[in-house]
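*Asks:* Work out the full structure: start from the sequences and follow the hints.
Top line first, the protein sequences correspond to chains P, E and G.
For the first sequence, numbering that gives the first Met the number 0 begins at 0 and goes up steadily by one.
For the second sequence, numbering that gives the first Met the number 0 begins at 0 and goes up steadily by one.
For the third sequence, numbering that gives the first Met the number 0 begins at 0 and goes up steadily by one.
No lab work stands behind these hints, which were simulated from the structure alone.
Check the hints yourself; a few may be wrong.
The calculated lysine to aspartate or glutamate pairs, modelled on EDC-like cross-linking and capped at a C-alpha distance of 16 Å, are [stated by the list, open to error]:
(1) G:Lys111 / G:Glu32
(2) E:Lys87 / E:Glu99
(3) E:Lys51 / E:Asp100
(4) G:Lys81 / P:Asp72
(5) E:Lys71 / P:Asp72
(6) E:Lys87 / E:Asp100
(7) P:Lys87 / P:Asp100
(8) P:Lys71 / G:Glu150
(9) E:Lys151 / P:Glu150
(10) G:Lys151 / P:Asp100
(11) G:Lys71 / E:Glu99
(12) G:Lys151 / E:Asp100
(13) E:Lys81 / G:Glu32
(14) G:Lys71 / E:Glu77
(15) P:Lys151 / E:Glu150
(16) P:Lys151 / G:Glu150
(17) E:Lys151 / G:Glu150
(18) E:Lys47 / E:Glu150
(19) P:Lys51 / P:Asp107
(20) E:Lys71 / P:Asp100
(21) P:Lys71 / G:Asp72
(22) P:Lys81 / E:Asp125
Nothing here was measured: the structure is a model prediction, and the numbers come from that model.
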Amino acid sequence: MSARLGIIVVSGTLDKVLPAFMLANTSASMGIETGMFFSFYGINVLHKERIKNLTLSTDGAIFFSSLNPGLKDLNTVELVGKTTEMIKEKFKSNKVPSVEDLIKQAIDLGVKIYPCNNALKMFGIDSSELFEGLENPVGASTFINFINSAEKSNVITF
Amino acid sequence: MSARLGIIVVSGTLDKVLPAFMLANTSASMGIETGMFFSFYGINVLHKERIKNLTLSTDGAIFFSSLNPGLKDLNTVELVGKTTEMIKEKFKSNKVPSVEDLIKQAIDLGVKIYPCNNALKMFGIDSSELFEGLENPVGASTFINFINSAEKSNVITF
Amino acid sequence: MSARLGIIVVSGTLDKVLPAFMLANTSASMGIETGMFFSFYGINVLHKERIKNLTLSTDGAIFFSSLNPGLKDLNTVELVGKTTEMIKEKFKSNKVPSVEDLIKQAIDLGVKIYPCNNALKMFGIDSSELFEGLENPVGASTFINFINSAEKSNVITF
Chain P
0 MSARLGIIVV SGTLDKVLPA FMLANTSASM GIETGMFFSF YGINVLHKER
50 IKNLTLSTDG AIFFSSLNPG LKDLNTVELV GKTTEMIKEK FKSNKVPSVE
100 DLIKQAIDLG VKIYPCNNAL KMFGIDSSEL FEGLENPVGA STFINFINSA
150 EKSNVITF
Chain E
0 MSARLGIIVV SGTLDKVLPA FMLANTSASM GIETGMFFSF YGINVLHKER
50 IKNLTLSTDG AIFFSSLNPG LKDLNTVELV GKTTEMIKEK FKSNKVPSVE
100 DLIKQAIDLG VKIYPCNNAL KMFGIDSSEL FEGLENPVGA STFINFINSA
150 EKSNVITF
Chain G
0 MSARLGIIVV SGTLDKVLPA FMLANTSASM GIETGMFFSF YGINVLHKER
50 IKNLTLSTDG AIFFSSLNPG LKDLNTVELV GKTTEMIKEK FKSNKVPSVE
100 DLIKQAIDLG VKIYPCNNAL KMFGIDSSEL FEGLENPVGA STFINFINSA
150 EKSNVITF
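*Replies:* Listed below in structure tokens is the structure:
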């Protein structure tokens, strides 16, 4: 039976994007046809430059600040910036793969990565600014059809 | 084969509600039976007055603040308020449909919109305060049954 | 037809965890085989001590602050702390079940609760620190297989 997994990424924070790719790449490794649709803030994840600016979510920042009481007086933007720096450092020393690596791995494993064409417009991005190896930008209907035309499918949303 | 798409909305922020309705309305336009279940903060989206106060998520506000360095010293509530104003202005000039318009369009397309009866209680909302054209308030089991009784279904969560 | 519901919890905030368990427990009560996979911040929900520190999401805190204008000058960490206190008080007086109660109920109803083994490592948690009655820690592939090996399945992500 042909099974598909669709993953919708509308968040652009590290702590959503990492599980999205970990699930996508695991699923593709298991032989499940896997497609990802990047819309809203998610589109920035596929952007060669903007990917460098991904941060933790505010909720993630607050979680990590609870382990570092010295951070609790920072304002939101500072708090997110500071905890993101700390986590990126920790990830590097623990050899957690970067999002760039996960994207490359996804493409190698045959995951289909669809940029949302409306999100490109909304954020003023030209498709030449995106990583190589992605599918052409599409609308939501193409992605819904990807899911719906399989005999069996599931969707995960981040 | 009868296919259904269920969309659960527990978030009440603009940047979750817009993709929820865009996917719902696209799906219904494709002939897929589409139902939405509004619970937790999501219930406020269906409220005739409270819908006017929807804001960006904090993560969205932080993203937009990165494009507007003048905002970085605001506290959370101010930051979310300010960026929401900016985005609403931008949406208006780009003719992005409002959430009110998307709800009307959803109803016209036959999307079934289910308010969660527990969420109504939790937020002290009487069902007369909700938009016209919705389904009667239901519990989670009715929505799970909507999904589960189709031969094929998928769920998207916001 | 054997149906399954998979619920992925990567968020560790009260306002995501409560709907996750409410849906899981409703689904299990309806005779649907239900499994939950706790990864990223979600792993802290299964920790006997850390569960006591769950807070509202920042977006939830901002929503509640709009009903309590006295809170609007607090910084993020204070705002989340203060609104969480208020809501926990309100939940207690309204007899909303605690997350601990919902976990126990889930186990009693036969919901399979899978801790993610990578998340345990990432957050430095030993499985002896988790609640009793859970499944053994697994990787993402075990959970994807749980979903995918059913004739019919859906996934909800929080």
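*Asks:* Against this structure, judge whether each hint is valid.
*Replies:* Tested hints:
Between Lys111 (chain G) and Glu32 (chain G), the direct Cα distance comes to roughly 8 Å. Compliance with the 16 Å bound is thereby established for this hinted pair. At most 16 Å may separate the alpha-carbon atoms for a hinted pair to count; Lys87 (chain E) and Glu99 (chain E) meet this at roughly 13 Å. At roughly 12 Å between alpha-carbon atoms, Lys51 (chain E) and Asp100 (chain E) fall within 16 Å of each other, so this suggested pair holds. Note on Lys81 (chain G) and Asp72 (chain P): the hinted pairing holds, with a Cα-Cα distance of about 14 Å set against a maximum of 16 Å.
Between Lys71 (chain E) and Asp72 (chain P), the direct Cα distance comes to roughly 15 Å. Compliance with the 16 Å bound is thereby established for this hinted pair. Note on Lys87 (chain E) and Asp100 (chain E): the hinted pairing holds, with a Cα-Cα distance of about 14 Å set against a maximum of 16 Å. Straight-line distance between C-alpha atoms of Lys87 (chain P) and Asp100 (chain P) comes to about 14 Å, which keeps the hinted pair within the 16 Å bound. Straight-line distance between C-alpha atoms of Lys71 (chain P) and Glu150 (chain G) comes to about 48 Å, which puts the hinted pair past the 16 Å bound.
A threshold of 16 Å between alpha carbons decides the hint, and for Lys151 (chain E) with Glu150 (chain P) the separation of about 8 Å falls inside it, so the pair holds. For a cut-off of 16 Å, the pair hint linking Lys151 (chain G) to Asp100 (chain P) is broken: about 33 Å separates their Cα positions. With a CA separation close to 27 Å, the supplied pair Lys71 (chain G) and Glu99 (chain E) exceeds the 16 Å bound. Annotation: proposed proximity of Lys151 (chain G) to Asp100 (chain E) is violated, straight-line Cα distance about 34 Å (limit 16 Å).
Pair hint Lys81 (chain E) plus Glu32 (chain G) does not hold up; C-alpha atoms about 45 Å apart against a cutoff of 16 Å. Using a Cα cut-off of 16 Å, the hinted pair Lys71 (chain G) and Glu77 (chain E) holds, with the two alpha carbons roughly 8 Å apart. Only pairs whose Cα atoms come within 16 Å are accepted, and Lys151 (chain P) paired with Glu150 (chain E) is accepted, the gap being roughly 10 Å. Distance hint between Lys151 (chain P) and Glu150 (chain G) is fulfilled; the C-alpha atoms sit about 8 Å from each other, no more than 16 Å.
For the suggested pair Lys151 (chain E) and Glu150 (chain G), the alpha carbons sit about 10 Å apart, so the restraint of at most 16 Å is met. Straight-line distance between C-alpha atoms of Lys47 (chain E) and Glu150 (chain E) comes to about 35 Å, which puts the hinted pair past the 16 Å bound. Distance restraint check for Lys51 (chain P) and Asp107 (chain P): the Cα-Cα separation of roughly 21 Å exceeds the 16 Å cut-off, and the hinted pair is therefore not satisfied. Of the pairs offered as hints, the one joining Lys71 (chain E) and Asp100 (chain P) is violated, with about 30 Å between alpha carbons and a cut-off of 16 Å exceeded.
As the CA atoms of Lys71 (chain P) and Asp72 (chain G) are separated by approximately 15 Å, the hinted pair is consistent with the 16 Å bound. For the hint pairing Lys81 (chain P) with Asp125 (chain E), the CA-to-CA distance comes to about 43 Å; that exceeds 16 Å, so the pair is violated.
Hint violations for this structure: numbers 8, 10, 11, 12, 13, 18, 19, 20 and 22, all remaining hints satisfied.
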